[in-house]
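Residue numbers (my numbering), protein chains in the order written: chain F, 183 to 374; chain G, 32 to 310.
Errors might be hidden in some of the hints.
[Unchecked claim] For lysine to any residue, the following SDA-like pairs were computed, each having C-alpha atoms within a straight-line distance of at most 20 Å:
(1) K126(G) / P100(G)
(2) K40(G) / A327(F)
(3) K40(G) / K369(F)
(4) K369(F) / T257(F)
(5) K269(G) / F288(G)
(6) K126(G) / F288(G)
(7) K322(F) / S212(G)
(8) K200(G) / F288(G)
(9) K40(G) / G273(F)
(10) K40(G) / T257(F)
[As the list claims (entries may be wrong)] Short, incomplete list of chain G residues facing chain F, as computed with Cβ under 8 Å:
(11) C55
(12) H58
(13) Y59
(14) R62
(15) A65
(16) A67
(17) S68
(18) S86
(19) V110
(20) N251
(21) I254
(22) R258
(23) R263
(24) E284
Rather than coming from a laboratory, the hints here were simulated on the basis of the structure. A virtual CB, placed ideally from N, CA and C, is assigned to each residue, including glycine.
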Amino acid sequence: MTKIPPQAVVIGASAGALEALTTILPALPADFLLPLMIVVHMPSDSPSALTELLQARCRIRVREAEDKEPLSGATAYFAPPDYHLLVEAGGHLSLSNDEPVLYSRPSIDVLFESAADAYGPAVVAIVLSGTNRDGAVGLKAVVEAGGMAIVQTPQEAFAAAMPEAAKAMCPGARVLSLRDIAAYLQKVGSQP
Amino acid sequence: MKKAIPSEKTEDIELRLLLEALYCGYHYDFRNYAMASLKRRLRQAREQLGFATLSALQESLLHDPATLPRLIGYLTVQVSEMFRDPAYFRAIREKLVPHLRTYPSLKIWVAGCSGGEEVYSLAILFREEGLETRTQFYATDINHEALARAEAGLFALDQLQLFTENHRKSGGKSSLSDYYSAAYGRASFDRSLRRRVVFSDHSLVTDAVFGEMHLVSCRNVLIYFDRTLQDRAIGLFKDSLVRKGFLGLGAKETLRFSPHAGAFADFVREERIYQRRAE
Ligand SMILES: C[S@@+](CC[C@H](N)C(=O)[O-])C[C@H]1O[C@@H](n2cnc3c(N)ncnc32)[C@H](O)[C@@H]1O
Numbered sequence: 183m184t185k186i187p188p189q190a191v192v193i194g195a196s197a198g199a200l201e202a203l204t205t206i207l208p209a210l211p212a213d214f215l216l217p218l219m220i221v222v223h224m225p226s227d228s229p230s231a232l233t234e235l236l237q238a239r240c241r242i243r244v245r246e247a248e249d250k251e252p253l254s255g256a257t258a259y260f261a262p263p264d265y266h267l268l269v270e271a272g273g274h275l276s277l278s279n280d281e282p283v284l285y286s287r288p289s290i291d292v293l294f295e296s297a298a299d300a301y302g303p304a305v306v307a308i309v310l311s312g313t314n315r316d317g318a319v320g321l322k323a324v325v326e327a328g329g330m331a332i333v334q335t336p337q338e339a340f341a342a343a344m345p346e347a348a349k350a351m352c353p354g355a356r357v358l359s360l361r362d363i364a365a366y367l368q369k370v371g372s373q374p
Numbered sequence: 032m033k034k035a036i037p038s039e040k041t042e043d044i045e046l047r048l049l050l051e052a053l054y055c056g057y058h059y060d061f062r063n064y065a066m067a068s069l070k071r072r073l074r075q076a077r078e079q080l081g082f083a084t085l086s087a088l089q090e091s092l093l094h095d096p097a098t099l100p101r102l103i104g105y106l107t108v109q110v111s112e113m114f115r116d117p118a119y120f121r122a123i124r125e126k127l128v129p130h131l132r133t134y135p136s137l138k139i140w141v142a143g144c145s146g147g148e149e150v151y152s153l154a155i156l157f158r159e160e161g162l163e164t165r166t167q168f169y170a171t172d173i174n175h176e177a178l179a180r181a182e183a184g185l186f187a188l189d190q191l192q193l194f195t196e197n198h199r200k201s202g203g204k205s206s207l208s209d210y211y212s213a214a215y216g217r218a219s220f221d222r223s224l225r226r227r228v229v230f231s232d233h234s235l236v237t238d239a240v241f242g243e244m245h246l247v248s249c250r251n252v253l254i255y256f257d258r259t260l261q262d263r264a265i266g267l268f269k270d271s272l273v274r275k276g277f278l279g280l281g282a283k284e285t286l287r288f289s290p291h292a293g294a295f296a297d298f299v300r301e302e303r304i305y306q307r308r309a310e
């Protein structure tokens, strides 16, 4: 467990994202203290469907991130299709058009690395279900900065490759089921 | 005694010093770019140019003239397409052109033109709409290598399928293949498209207004700036535009957070096209 209270949560998911996120996000209360930044790989022509679907089930706000938007608690910011999402040290978001990383734009690694830079130990990073290995390098950056690294239990994941890769790169990461991830977030994101 | 450990992360100190060197030595001002992605690109430059630290890269920057253009190549993102986001160009064609027709002569500024994809798209669109001959285009960027590519009008052939598809979706009235010929694996665009384009070095960070524009198209450039710089650039656009002139931004860029927002009205909201208010 991190000693410094987390100020933000970053999440990466690919194949199986919807199932995983519909377990975690609706469990968070309307007064959840932290912002969540989320990268999901998805085809670029089905943009807002995911955020609308999730918003309908959540008490926190769910929306697509805007460039230079200041972060607030109880809000999940999704990377728009075809843009990288990064977080700046001042607590606001940036989008970028840089080349894809590991064939992905948005890239989980890009978000996680920016979060490691911006928050150091005060960030929780979570790698969920997926078929590639995006997120592993980023999770390592979070660990090196002293942040909290969590990986979804691969056996439980719809696609195990991504959590497996993250686990292999960060042996110290906590491996948790979706339910436990939700419970953990509820704990770190509520009033002390 | 003070501990001999820097209070700021060493890499962050080096980064600030490197940007300072770039500014003092060459007047390239990246100090207020959005840091997260700039940092990423600098790390990439450091690794790929073979330096152990950003300080070593800085030394080379100050002493080896070959380093500057290579570094600029990393610091400025050159990703672009012709008719990128076809709906934007469709909106220009269907919603702006009827207004633009009412002017006897037109000035159009493409700010951050990269390799020319955007300005060639507009030149083709204006030709299709019969506006080309009354139009002067200005295409500006800070990356000299990109400006040279833009002037040459050469694009990789393997991109042409995408460009053709984009052009069609933008409501193109001709066939894109009418405008280029294939040679040596590249598409060479018709010289006549460049007749009405002036390419030049101009920085939205350090340079000033240079003319009265009817349309400024600045896409996917502002996202690389922090708020302060965005405000400066938007101020430049405001001061460049004629009353009721148009400003087009990238699909994920907005005036919403800008203090200049009040000087503009939404014109085609979904496409981030704004109109300068008359007063
Ligand atoms: C991602 S490209 C966008 C190209 C094109 N406008 C498009 O939307 O496809 C960004 C361009 O902005 C240029 N740029 C970066 N900083 C700039 C500045 N301060 N002034 C003018 N152009 C700049 C870069 O060199 C690059 O060519």
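Q) Has the given pair, K269(G) with F288(G), been kept, meaning a C-alpha gap of at most 20 Å? A) Answer holds: K269(G) to F288(G) is near 15 Å, not above 20 Å.
Q. How about R258(G): closest beta carbon in chain F under 8 Å, or not?
A. Holds, about 6 Å.
(Q) Just to be careful, I want the Cα atoms of K200(G) and F288(G) compared with a cutoff of 20 Å; is the pair within it? (A) violated, 31 Å
Q. Against chain F, with CB atoms and a cut of 8 Å, does the hint on R263(G) hold up?
A. Violated. Min distance 14 Å.
Q) Within a Cα-Cα threshold of 20 Å, do K40(G) and G273(F) meet the stated pairing? A) Measuring from Cα to Cα gives roughly 18 Å; hence the hint holds.
Q: Under 8 Å, Cβ to Cβ, is where C55(G) needs to be relative to chain F, so tell me if that hint holds or is violated.
A: violated, 24 Å
Q: Mind checking the CB of A67(G) against every CB in chain F and telling me if the closest is under 8 Å?
A: holds, 4 Å
Q. Hint check: is the beta carbon of Y59(G) less than 8 Å from a beta carbon of chain F?
A. With a minimum Cβ separation of about 19 Å from chain F (threshold 8 Å), the hint on Y59(G) is violated.
Q) If you draw a straight line from the CA of K369(F) to the CA of T257(F), is it 20 Å or shorter? A) holds, 16 Å
Q. Are the Cα atoms of K126(G) and F288(G) separated by 20 Å or less?
A. Not satisfied, since the Cα-Cα distance of roughly 25 Å exceeds 20 Å.
Q | Status of the hint placing V110(G) at chain F (closest C-beta pair under 8 Å) | A | Interface hint status for V110(G): holds (5 Å vs cutoff 8 Å).
Q.
Is the interface hint satisfied for E284(G)? The criterion is a beta-carbon contact with chain F at less than 8 Å.
A. holds, 6 Å
In summary, the structure is inconsistent with hints 1, 3, 6, 7, 8, 10, 11, 12, 13, 14, 18 and 23 from the numbered list given earlier, while agreeing with the others.
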